[in-house]
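*Asks:* One-letter residues, chain by chain:
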Amino acid sequence: MADTRTTGVPANVTQGSQTKGGIGESTLRPDGTLKVTGEFAYSSDMWHEDMLWGQILRSTVAHAEIVSIDTSEALATSGVYAVLTYDDLPTDVKNYGLEIQDTPVLAHGKVRHHGEPVALVAADHPETARRAAAKIKVEYRELPVITDEASATAPDAILVHEGRDDHHAGHVPHPNIVHRQPIIRGNADEAAERADVIVKGEYTFGMQDQAFLGPESGLAVPSEDGGVDLYVATQWLHSDLKQIAPVLGLPEEKVRMTLSGVGGAFGGREDLSMQIHACLLALRTGKPVKIVYNRFESFFGHVHRHPAKLYYEHGATKDGKLTHMKCKIVLDGGAYASASPAVVGNASSLSVGPYVVDDVDIEAYALYTNNPPCGAMRGFGAVQACFAYEAQMDKVADELGMDRIAFRQLNAMEQGTIMPTGQVVDSPAPVAELLRRVKAMPMPPERQWEDSEGADVRQLPGGLSNTTHGEGVVRGVGYAVGIKNVGFSEGFDDYSTAKVRMEVIGGEPVVTVHTAMAEVGQGGVTVHAQIARTELGVGQVTIHPADTQVGSAGSTSASRQTYVTGGAVKNACELVREKVLEIGRRKLGTYHPAWATAELLLEGGKVVTDGGEVLADLADVLEDEVVEIEEEWRHRPTVAFDLKTGQGDGHVQYSFAAHRAVVEVDTELGLVKVVELACAQDVGKALNPLSVVGQIQGGTTQGLGVAVMEEIIVDPKTAKVRNPSFTDYLIPTILDTPTIPVDVLELADEHAPYGLRGIGEAPTLSSTPAVLAAIRNATGLALDRTPVRPEHLTGTVPA
Amino acid sequence: MDFLRPDSWEEALAAKAEHPTAVPIAGGTDVMVEINFDHRRPEYLLDLNRITELSEWEVGEKTVRLGASVPYTKIMENLRAELPGLALASHTVASPQIRNRGGVGGNLGTASPAGDAHPALLAADCEVEVESVRGSRRIPIDEFYTGVKRNALAPDELIRAVHIDKADGPQQYSKVGTRNAMVIAVCAFGLAVHPETRTVRTGIGSAAPTPVRAKEAEQFLNSALEEGGFWDNGKIITPSVAKQFADLCSAACNPIDDVRGTASYRRHAVGVMARRTLTWAWESYRGNAARTEGVA
Amino acid sequence: MRVNFTVNGRKQEADDVWEGESLLYVLRERLGLPGSKNACEQGECGSCTVRLDGVPVCSCLVAAGQAEGREVVTVEGLADFAKNRACGGHDGEGKGGACGTTLQEAQGWSAKGTDSQTGEGGELSPIQQAFIDAGAVQCGFCTPGLLVAADEMLERNANPSDADIREALSGNLCRCTGYEKIMDAVRLAAARQSETASSQGV
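Residue numbers (full-length UniProt numbering), protein chains in the order written: chain B, 1 to 799; chain D, 1 to 296; chain X, 1 to 202.
Everything labelled a hint here was simulated from the structure, so no lab data went into it. Incorrect hints may have been included.
[As the list claims (entries may be wrong)] Selected chain D positions facing chain B (Cβ under 7 Å, derived; list incomplete):
1. S174
2. G177
3. A181
4. M182
5. H194
6. R198
7. T199
8. V259
9. Y265
10. V272
[Stated by the list, open to error] No farther apart than 25 Å at their CA atoms in a straight line, the calculated lysine to aspartate or glutamate pairs in the DMTMM-like style are these:
11. B/K135 - D/D2
12. B/K309 - D/D257
13. B/K135 - D/D38
14. D/K74 - B/D456
15. D/K74 - X/E155
16. B/K579 - B/D649
17. D/K235 - B/E49
18. B/K309 - D/D38
19. X/K11 - B/E49
20. B/K135 - X/D16
Note that the Cβ used here is the ideal one computed from N, Cα and C, for glycine as well.
Please build the complete structure, drawing on both the sequences and the hints.
*Replies:* Quick look at the structure:
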């Protein structure tokens, strides 16, 4: 395979231990066998005797007053156990939301987007529930729809949310703006006067869907104490819990959540979907209730990536140094806030990209509109910015007549660079090196689709559809690099908790790791076991199911789990180790002087000295004692960005990846085949190299998708979603996905556990602009929007 | 909803006569999507899977009698020589799993302009054998499509087979989608060279309310080939002839803008596909067989 | 209505089936075989792929009534199916039975998944093992369908080219892996298969 790794010299980093299966090895997933045999229980696989099926009735219009809801006929349907509307909500808490609680559990008086939940049904069969839901009569009085910046910020615009009192309401320039974050550093206007070239551009980023394969689903089981047990697929159990319990009117300890198998997430499970609805129905009927969205509903059941308009201006001197950057990034947040404020912070603070620009004038904001709500998706605000600034970098380099890579390298940030927020980048930032590496990778052969027998259409644009045998096909190459923050930013208390237990079972030491970390496929469970083996020298590690019986692990997002929950597991293991050694000293200290004098390690199930001398078996140290420690762990704190200047040490860590895309475009038909998408990424330390490469390849492919095919299309006249299905929202198949050689660089970040760097998102950033650059290279077209479709490549966009 | 499971063709016809609203289901690749997504709740589902003859084909002297439920995979694997255009079209249908279930009868029954088989059937020329308890008849393919998702079937009729002329010359098929596999056609084009009648026939998919032929383009090309003596002299098609043929194929479209593509792109793409498929087929006729026929 | 068919070699009977139910629903919700997945229910993702009389199909698009009297192999029966094939046998020994994933089973998954270093017993088919070994499993939701499709391709084509693999798996969407490790897994299974074949002098 083409995957290569380069290890830098890690500073202050624990070296791997002698115990097999520790960090740095490509150990295999503990859930792998269950996943290949079909036994792994995903949230939609739950089943309970006597369970009911929940169904949600959703609005058929985007913006309307609800005149009336008549549920009588639905309730009278045989097999129906409950029909609930807003009026049935049990407490005064009727909204939820990640940061701003503006999202109604069920619509009240008004619907603000197409597909908003209006009523719930529980019945003994999904079809009974569907038929009953169809019998609920909702009378709407339609309102004009707000679908873009002009209609949202007009002085007389209808307010999507009237009477806002959230913590952003006071500083936004218009009530239909969720949050606005400017960043001012230096003086961009003055610096512009030094520029020999100035390049302006306007870019459009389409609405992308996470399109995780496992639909939103779960099972709520009412319990005898009046509480509820909820089995669900989510990214953050404790955040869900905080939003669910108040709506149900239950104390948090009576809402017991267990993570079910999660069929992918990518940000789309940060917000609640069916959680509260299933609990409400279960508590009302006294029966277990299962809800499973179908794919159509899933497109309405979670937030999407913000579509964006980006306006950029860069200047440079003729020797190739960037003088200044001005930009405005307008994100469409849709009807509810979701993660929009944090996405704004990211888009704004990362809008310059991985480059040194001292004089900047930046603003980013998110709109409230009647479009589908948008929030978290892999890359979180940094993706849209990267698409635009990388297009700008190519344009500036071209304007200067410089090599595009050399120009980027000349302006690349490095350790010590000051971000536009004033934050000093205090760990390796090998931007120039990543570009060098990705450029140095061997190019795929020309006309690889041709063999002795002629053209193999499967390897040409159009694939099996047999559209070309080489006619019109032109190759193009493009490069891009990006910067992503790791962890929750802007002063958020971004901690995690781990409970680690060591005991002797059947004469062997066994470690159990218990966290609330949502395993969504990323391989956190694999890594936790590796960390425990490394730290505690015990081969046998059990990963306890994630639930709310242990402290919060924070969200499985922002590339943070290996860093933060990994850090928490490492920390708890270290505390367990100290305790075990203390027991050893107490029991066995008199037998060997080294117990008192030497540095002691746990390796291979034994206590050993740093010189390698074995002092005791762990089994003999512990006997029937159990050591268990639950502890919170925090990375370095961050601070909020100043609301006027955007200054502040807002981010935890930065992550970098670079891509080279090689594409072949059928220039006559506007069809694209991505031939190869090579990536170089710095991962700090690869705790599990196999998983690291898998994450990079997966993130790269999601970037490819939004470059050439993925877009939720919303009708600008009605704000209704036009393609909520896998027939018309296309994600890449295996025939659309090229080989993805990966060059992994490991330059340790001394502030992070083992020197690691969060890696999940960075590859999603640079993939898209690299593909676009390659298509521009092949076609000579400007292409200022993504995804690019055949009509954009053939001049057949309607006027 | 009732599920009707006839064991024989006669039973199926009787069931359809008794319940004209019954929706036939064979491969299920259209009907089940509509049921799963709650777009359709037929009173009766009429399962045709148990009627084995529908999954059989017969190669005659002049024509192939293709059972309505012969899966696309079987067409690709077994009828490449006899029905090259349809074999190529079959290969573009959705995914291997869908090709294992779906057949031409479903495309014809649904009569969606996006059905992948239509352009190939139009270009090859064929008759659709339909039957009811009242009797059997054959509908020429040119008269089969009557409107958007409408066909010439009477409510009590079922599609039994398609009688397709065996290829007497090269046939080609292209389809544009915005993904390299598993994609519904943005538009599609089929072309068949018929040396025996010295004609070329075409079929266009997804670029008009129904699948259509580009008849003016065919007439133009047929005269140009005749006048230029191309059938005998084996010359390459001159670029100006190919271009005008392509333009006339574009002109035969009556497309709409939708989420899959713009009208203007569809017209453009049909022209490109017309020119390319004509070139490939004609090169093949001249003796330089193109590789794609081997891929189907 | 009542539907009788064979799943993983075992006769199954489902009662009170609504006529609009798919084979996928019956497998998952009535027969306790949720391994086949419900990602799109429109034939676009392949996660519900099963063998129907040996042929890979999307079980979401097979009406339950159409399965009457037929033989179905799901991911739950894949290991036995592959074993019987290797032994030249025909009848798979099913493991269906108890209905649904009980909460106890659901809670047990990760407790059971103690340590992949030591293996977990339980025999896997070569393609299943290759998916684990190659890192082709992330969230795993696409995995059952991919395994059934890939196993069937290797049955037909023991030495597939990369283009052959891509074509055969073009009906199975994966959102996590970018397909590279899936390609690795299928290549690995093919290589192991041909090693086994040559060592047995086949």
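*Asks:* Run every hint past the structure and note whether it holds.
*Replies:* Here is how each hint holds up against the structure:
no., hint, verdict
1, S174, "holds (5 Å)"
2, G177, "holds (6 Å)"
3, A181, "holds (4 Å)"
4, M182, "holds (5 Å)"
5, H194, "violated (20 Å)"
6, R198, "violated (25 Å)"
7, T199, "violated (23 Å)"
8, V259, "holds (5 Å)"
9, Y265, "holds (4 Å)"
10, V272, "holds (5 Å)"
11, B/K135 - D/D2, "holds (21 Å)"
12, B/K309 - D/D257, "holds (24 Å)"
13, B/K135 - D/D38, "holds (14 Å)"
14, D/K74 - B/D456, "holds (21 Å)"
15, D/K74 - X/E155, "holds (17 Å)"
16, B/K579 - B/D649, "violated (36 Å)"
17, D/K235 - B/E49, "violated (75 Å)"
18, B/K309 - D/D38, "violated (36 Å)"
19, X/K11 - B/E49, "holds (23 Å)"
20, B/K135 - X/D16, "holds (23 Å)"
The structure does not agree with the numbered hints 5, 6, 7, 16, 17, 18 stated previously, though it agrees with the rest.
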